[in-house]
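Undergrad: Assemble the dimeric complex from its two separately framed chains, guided by the hints.
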Amino acid sequence: MSTRIGFGIVAAATLVMLGGCAVQAPSSLSDSEARDRFVALLDETQSVVGGDWSVRDDPTPRECIVPLWVPGERYPALRLADAPFSIEITADRVESAWNAHELTVTRTEIGDVVELKGESSHGELVLFRVSDSAMTLTGESECRPVA
Amino acid sequence: MLFDATALLIASLTVATVGGTVAVPEQPVTSPRVITSLYESSEAPARGWVVDLPTSLKQRSAPTVVAPALPIAAEQLATHTGTSLLHGLSALPPIAAADFVNAHPRAVHALLSTPPAASQVSSWWAGLDATAQRALSVAAPEVVGNLDGVPYAVRNQVNRGVLRSTIRELEVGGDAAVGRAVATQDLHRLQMLYRITDALGPATANPQRSLLTLDTHDQGKATIVLGDLETADYVSYIIPGMFISVAGNIVEWADVAARLHDEQTSWLALLAEAGAAPEVESVATVAWIGYQTPHLLNVGSLDLAYEGRDAIAATIDGLQTLRADDQPFVSLLAHSYGSTAALLALEDDTTVDALAMIGSPGSPAQSVADLGVRGDVFVGEAVWDPIPNSSFFGSDPGAQSYGARAMSVLGTVDVITNKVLASSSGHNEYWSPGTESMRNLALIGIDKGELVTDGSQLDAGRTLALLH
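Chains as they are written, first to last, in this note's numbering: chain A, 1 to 147; chain B, 148 to 615.
Looking at chain B on its own, in the form it has when it is part of the complex (with noise of 0.2 Å):
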């Protein structure tokens, strides 16, 4: 134990680039206020932008759902969890609705921490007519942005609309009567959208960047899309793992899935050109920084890869749920403490159709057959990486017993291409342009498994022509 907590140690140590956690304290909960008296107020935007909601098919097929006939006063809807909460949210005229969200921070924490089914959601918002949808994304956009379940394209616009006031409210703020230390952590805290913005780049972007989640507050939360969610062939999900968050890291995160868009855009092209595949299919990648991770001092415990855990299912579930009779392959591709997180998910009633752990250690799973993985395991060890074999969290996933297959890191020529593949080494360097490691994560999210590097004699014989 004191080993794995040594090799941790190391490990963290060799860590490029480090996240720095700002606390910032929960939002100040006001009295809650008996909201009744302003059921009669009319339905004008309780904030100063404008909600023009794109609509989806799916959700104009789902089915109709019945809100509660009258509203809740606030004090009892503040009791309500789940879709019973969302129901009562709904119900609310929406001036009283945006007060409700402001003045319980909590409710609205819980709901969003302990989602409801995506299926419940979507059948939820759909059974909303569209001036209530757009009236809820106005006065309750922390809600409809970051909820699994409501149609992507409306929470990319509602997330993008709460990051540009956000901005503008701490860029105008400037409350002399606040002390230092709220100023400071106000600071932060715009340097981090600012930093959103920066990964979700310019609107002309190609393929389209899309802010599916989006919470502002303490380290932050974000989920960017490069790609279509409603339509991709693939979906490859990159997991973050120990020392990433929103400030430090969301720009490099969106980074390495806009690489690993082009390398799997650039694979999907050459099979097709070359005739291994029918046509060029299309994917999405997804930078997810959906869970705090952890950092030096609470990295042992599992408590946060268990909140990774719920959101992981959260995600999945959203995604297969939009995605009704049309499901795309999809991967989680998941890097140290994160890997644990997608395998603490996969353990209960997550499924994906592939998963690639890189730099793992471990979780209680002893095997791929205790996984919702309906294809392939694969586990990347890099030289002078001391997390993979350190069974930190009660397996190590590289073991023969364990069952799943290697996938190396370690460097080579490309059989297919020539390309001069580079190596990875230590705990960090996975995700790093040109390597083995991140042509292999491209293969694994695209179904090319045939086609990924062991490091082995069999490797010469990874060609095209296992695909024809």
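Chain A extracted, bound-state conformation (with noise of 0.2 Å):
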């Protein structure tokens, strides 16, 4: 009876770890793929809105916690463009498109500022932000195992 309830113990404890420590990407794509999806989207993004957009995105990743407690990277964007010409339309515009990829759209109001935050179930987050000023798009791809 101790015996099999120490196997017992051992094959829980397995398991637990096995499953613990298994190293999964939040999404089923290579790393280049995921990072290009994310790309995609901030450029579908730029193209709904229009403009003249000045992309600085930093090809550095940033250190980031798969679960559970795995290191990972991702990879931040930063683009800066021109008020647009309307800014409801604009951000009508970039949360259809949004949602339209299955984002989890969130929009406050910041001051004058319009912000739009789009996250994926895959844990990208995209921020946008739109004023008589100027707009941004900023954002980290998912936080994907260092390899």
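By construction, these hints were calculated from the structure, which means they are not laboratory data.
Ideal Cβ positions, reconstructed from N, Cα and C, are used throughout, including at glycine.
Be a bit skeptical, because a hint or two may be false.
Claimed, not checked - Chain A is faced by these chain B residues, among others (derived, beta-carbon under 10 Å):
1) Pro349
2) Thr559
3) Ile563
4) Arg609
5) Thr610
6) Leu611
TA: This is how it looks when you write it as structure tokens:
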């Protein structure tokens, strides 16, 4: 009896360890595909909004943690543009585009600035801010385990 | 005192990343040689790489200093210090200068440990013609690359050259005659340099990353700048505390600087878009590991804090000298033992615009009035962090009598962006992304102290309206 209990504990512990330590990325894509998807989302957002954008994406990854405590990295984005012709129409277009990608979109007003935050189920984050002064598009790709 | 020591011990055990120290013996000192016989040698580079030095507007406008007309013998030069040593070194032919540096590592170490004022270095450097600058950069890169007062673009280029050439030497090295201990040390040194390379990122990194300090010996030193120190409107130095080493933490430290840069840039863009700032201003953040941080066995002593004090003072002096009449807003964001080093510097002649201390064990200064801070001093204290209230080194910066402003790190919802900000707990979560701590540190670095939360009811009113 005690042997069986002991074996059960070991087996359970093994399962927990295997499950806990398995390094799984949020999505099933490869690292480069995941990054390409993120960049494509940003590019599409730019295209929907229009205007001349200054792309200042940093190719240097940022550290992050993939559950459970697995070191990962993600890529940031920073893009700037002049003000659009209409704040509301522009924000609506971006919100529709992001909804089409099944992002969870939150809309906030910060003073005269309209901010949209989009979050994907894979942990990607995009932030769009628009005012009568300028537009910014920032974000971070999904956190992937360090290869 | 026993409690304090216990608190430090407990805090140290919560440290997530422990940088191992690698004891590498100082370079063997060869017999001093008289190098006058080399004077007639050509100006061929002493090393296998070429330096095409960038120029600086300020450098061109700096006053000219006349170098000694006659070279000094190496043995005699080794007795010189400060600017006298610099002038003597630059008067030597390149090969002789390279030989001197190789033969007298202690003199070089002493020069870099107690460097001349940045204004003197700047004048000395500006007094050299382009050929002499290039020759010295090749002959004595450890000197040129680490001296505050030399233009930043020059230091970055020279240090990157040293990094590449040292890695190459260690990779190719493989001297069968060396013992296992030396081989192990070389391997650790090589790994440290690989980590610096990783922290620098690709050449296309945006913002640009510069290597402004590089000491490849012992525990090493490295400073990586994100942004342009020559033009940035705001410059934030992040100062590390116990256990932070180049080999173990430079990538993580550069990552903290990158996130701080991201956060500050985002805030400045938002403020500009919201009409609270006239235009988008620029920032530079500095991942600074410019002194040997303590470990458990020597953290109770101020010795390394004094080393940090001197290095911080030289760094700020260098920035303020090179920026001349275009001074940026300068802040020190200092953690743990690093805050003690920063406080010691600010108790002396060093001045900055803002200081933020997180997890600070204090210093001899008893109030903000004793510090060279033109603006506000902020203190952040996380729950379960035993260090802040320890007064381990003489004062508790979080005490009301100290006169610093509280900086909340407990977590909240940002009243401006509605973003949920995470709490920091223990001694090592102040720099974590998405925390109230990082948000407040970013704002302190861009002179927006009025938006920094303190955990009181007043936080509800810290909106953009304060900036209009």
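Undergrad: Each hint: holds or not?
TA: Here is what the structure says about each hint:
1. The criterion of a C-beta within 10 Å of any C-beta in chain A is met by Pro349/B, whose closest approach is roughly 5 Å, and the hint holds.
2. Hint status for Thr559/B relative to chain A: violated, with the closest Cβ pair at about 16 Å, above 10 Å.
3. With its C-beta approaching chain A no nearer than about 6 Å, Ile563/B sits inside the 10 Å limit, and its interface hint holds.
4. Hint status for Arg609/B: violated, given a least beta-carbon distance of 13 Å to chain A, over 10 Å.
5. A distance limit of 10 Å between C-beta atoms decides the matter here; for Thr610/B the minimum to chain A is near 8 Å, and the interface restraint holds.
6. Because the closest C-beta pair between Leu611/B and chain A is about 5 Å apart, less than 10 Å, the hint holds.
Checked against the numbered hints listed earlier, the structure breaks hints 2, 4; every other hint is satisfied.
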